[in-house]
Amino acid sequence: MTLKRPPKLAGKVSNLTISFGSQPVISDVNVELYKNQIHVLTGPSGSGKTTFLRALNRLNDCFEDCRTQGKIELSINGTMQSIHTLNPQQLPELRRKVGMVFQHPQLLPGSIKENLLLPLKVVCGLKGDAAQQKLFSAFNQAALWDEVNDRLKTPAHSLSGGQQQRLCLARTLALEPEILLLDEPTASLDTKTAAQIEALIIQLATRYTIVMVSHSAQQTERLADHIIRFEHGRIV
Amino acid sequence: MKARLFHLWCLSCTTGLVVCLTFFIGFIINRGVPALSLSLFFGDADPIKGLLGLEPIWDGIWPACVGTMTVVACALSLALLPGLATGIWLATSAASRFKTILALCIDILAGIPSILMGLFGFTLILFLRNWLLPSANTCLLLSALCLAMLIIPYLAVATRTALQALPASLEITALSLGMTRWQTLRVVLLPQASKGIIGGIMLAMGRAAEDTAVIMLTGAVANAGLPGGVFSRYEALPFTIFYYSAQYQSNSELQMAFGAALTLLCLTAAIFSIAGLLQRTPPWRS
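Protein sequences appear in the order of chains B and F. Be aware that the first sequence starts at 64, since it is given in my numbering, and climbs by one per residue. Be aware that the second sequence starts at 131, since it is given in my numbering, and climbs by one per residue.
There's no promise every hint is true.
Among chain B residues calculated to face chain F with C-beta under 10 angstroms, some are [stated by the list, open to error]:
#1 94
#2 155
#3 163
#4 165
#5 167
#6 170
#7 174
#8 211
#9 215
#10 231
#11 262
Hints were generated in silico from the structure; no laboratory data involved. Ideal placement from N, C-alpha and C gives every residue a C-beta, glycine not left out.
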């Protein structure tokens with residue numbers, strides 16, 4: 064008989080309360096995240112799932128009227144860091160380490176290649192061969208290389224919805240994150256493409272801690288190591 | 131029935147406007163084209179020597195063309211950075227009372243009649259002469275400064291509008307990839323808004339090129355030859371048109387006014403056309 068080793072803690076959220084203006088969106092949420100596990104956030108629309116996701120990379124800070132209280136700690140570079148105390152200058156590094164893919168593919172202007180190389184150049188200062196190497200490996204990880212290798216210079220918006228979503232995933236992976244936040248990554252895709260992305264997520268979980276939002280009970284069943292159900296801004 | 135009547139009213143107004151515009155432009159072309167010749171631009175001087183500044187041009191509008199282009203270039207170089215910076219700040223900063231007041235000030239500045247701006251420049255030079263610089267005089271630099279103040283709102287509003295027209299998700303995406311706010315602005319937002327901003331710059335240039343009230347109080351004169359420097363007086367097309375048409379003593383002088391008017395019309399039409407072409411292509415293909 065072999066005992067399965069308990070997963071390591073990748074993050075801890077304590078007493079998290081987030082409000083937009085006077086409207087509370089998340090109230091007193093406590094969550095533990097584990098390394099290389101898939102955490103699926105479920106619940107009805109407007110229950111605070113996306114807001115919770117954006118709290119993990121402090122993207123809520125981009126909204127003027129957002130107020131966040133509570134503690135968020137994430138394991139980054141092997142140490143547990145207090146995310147809630149980071150100053151604005153430290154946020155770009157946090158967002159690189161806690162990568163995010165949105166519900167609808169959010170492309171940058173330009174070609175498929177530029178979508179991936181621009182953040183690499185601007186954020187990591189990578190150019191030339193090093194950047195090309197990263198591009199190749201990120202496209203491979205996102206299972207997109209075979210489909211785009213002969214048209215890297217075509218506009219990114221010419222790709223299909225599923226390919227665009229995988230391009231966004233590849234772009235995030237190229238920046239070498241440690242935690243992946245996926246906000247309904249299959250919401251706008253057909254069943255076949257969604258299955259492709261799901262297979263990819265299971266594969267990626269061997270390297271990354273994943274926190275994702277899903278509205279589909281079947282998908283949650285298939286993917287989740289941990290289910291976190293939100294209702295009216297609270298975990299139930 | 132009411133909607134139909136209203137539609138007819140709109141249509142007749144538009145048609146009336148087009149007819150007036152066609153008549154007006156046709157009139158300028160009709161009167162201006164016969165005047166177009168090398169002698170309109172260079173008078174009795176040799177065109178090549180006149181172009182190179184080797185021979186003074188007394189009865190041609192070439193010095194005025196050069197003067198207009200110089201004063202527009204100077205005004206733009208003075209207004210560009212403050213205008214763009216104000217527009218960027220208005221588009222990207224958080225809502226605050228100061229922002230509301232600044233936006234109001236920009237609107238007020240945009241609404242100030244240009245003659246007041248000219249009067250401001252004239253008063254400024256009087257103040258300088260009386261208190262700081264007795265040798266100060268109206269000049270090309272003063273005109274450029276006043277024109278710059280006139281066009282700063284155009285630049286600021288065009289920049290703000292172009293940036294605000296971009297989808298909000300673009301900024302969020304760039305920030306989520308670990309870009310700083312400055313990097314997001316520099317490599318993502320500004321390149322995307324560039325067409326709108328360049329369109330605004332062209333409109334501002336057109337506005338500066340056609341203004342008469344400012345320059346007639348701040349340095350433009352009827353006869354100065356090619357501009358000798360930013361501290362000298364200069365000739366400009368709008369003022370030349372005003373001067374020739376108000377003071378003409380012969381039919382040929384009036385004809386020159388129409389020739390100069392057609393030249394200015396072509397210059398501003400070219401600038402506005404480039405602006406229109408640039409703005410026609412959508413800045414963001416979603």
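Go through the hint on residue 211 of chain B and say holds or violated, using the shortest Cβ distance to chain F against 10 angstroms.
Since chain F brings no Cβ nearer than about 19 angstroms to residue 211 of chain B, farther than 10 angstroms, the hint is violated.
Just to be careful: measuring from the Cβ of residue 94 of chain B to every Cβ in chain F, is the smallest value less than 10 angstroms?
At 20 angstroms from the nearest chain F Cβ, residue 94 of chain B fails the 10 angstroms test, so the hint is violated.
Quick check on residue 155 of chain B please, does its C-beta sit within 10 angstroms of some C-beta on chain F?
This hint holds: residue 155 of chain B lies near chain F, its Cβ roughly 5 angstroms from the closest one there, short of 10 angstroms.
Does the closest beta carbon of chain F sit nearer than 10 angstroms to the beta carbon of residue 174 of chain B?
Violated: closest Cβ of chain F sits about 12 angstroms from residue 174 of chain B, beyond 10 angstroms.
Holds or violated: is the Cβ of residue 167 of chain B closer than 10 angstroms to a Cβ in chain F?
With a minimum Cβ separation of about 8 angstroms from chain F (threshold 10 angstroms), the hint on residue 167 of chain B holds.
The hint names residue 163 of chain B as touching chain F; please verify it with the least Cβ-Cβ distance against 10 angstroms.
With a minimum Cβ separation of about 5 angstroms from chain F (threshold 10 angstroms), the hint on residue 163 of chain B holds.
Close enough to count: is the Cβ of residue 165 of chain B nearer than 10 angstroms to one in chain F?
holds, 7 angstroms
Would you settle whether the hint for residue 215 of chain B is holds or violated, based on the nearest Cβ-Cβ distance to chain F being less than 10 angstroms?
violated, 18 angstroms
Are residue 262 of chain B and chain F close enough, Cβ to Cβ, to be under 10 angstroms, as the hint says?
Result: violated, 24 angstroms to nearest chain F Cβ.
Have a go at the residue 231 of chain B hint: is there a Cβ in chain F nearer than 10 angstroms to its own Cβ?
holds, 8 angstroms
Against chain F, run the beta carbon of residue 170 of chain B and see if the smallest gap drops under 10 angstroms.
Holds: closest Cβ of chain F sits about 8 angstroms from residue 170 of chain B, inside 10 angstroms.
Hints 1, 7, 8, 9, 11 from the earlier list are contradicted by this structure; the remaining hints agree with it.
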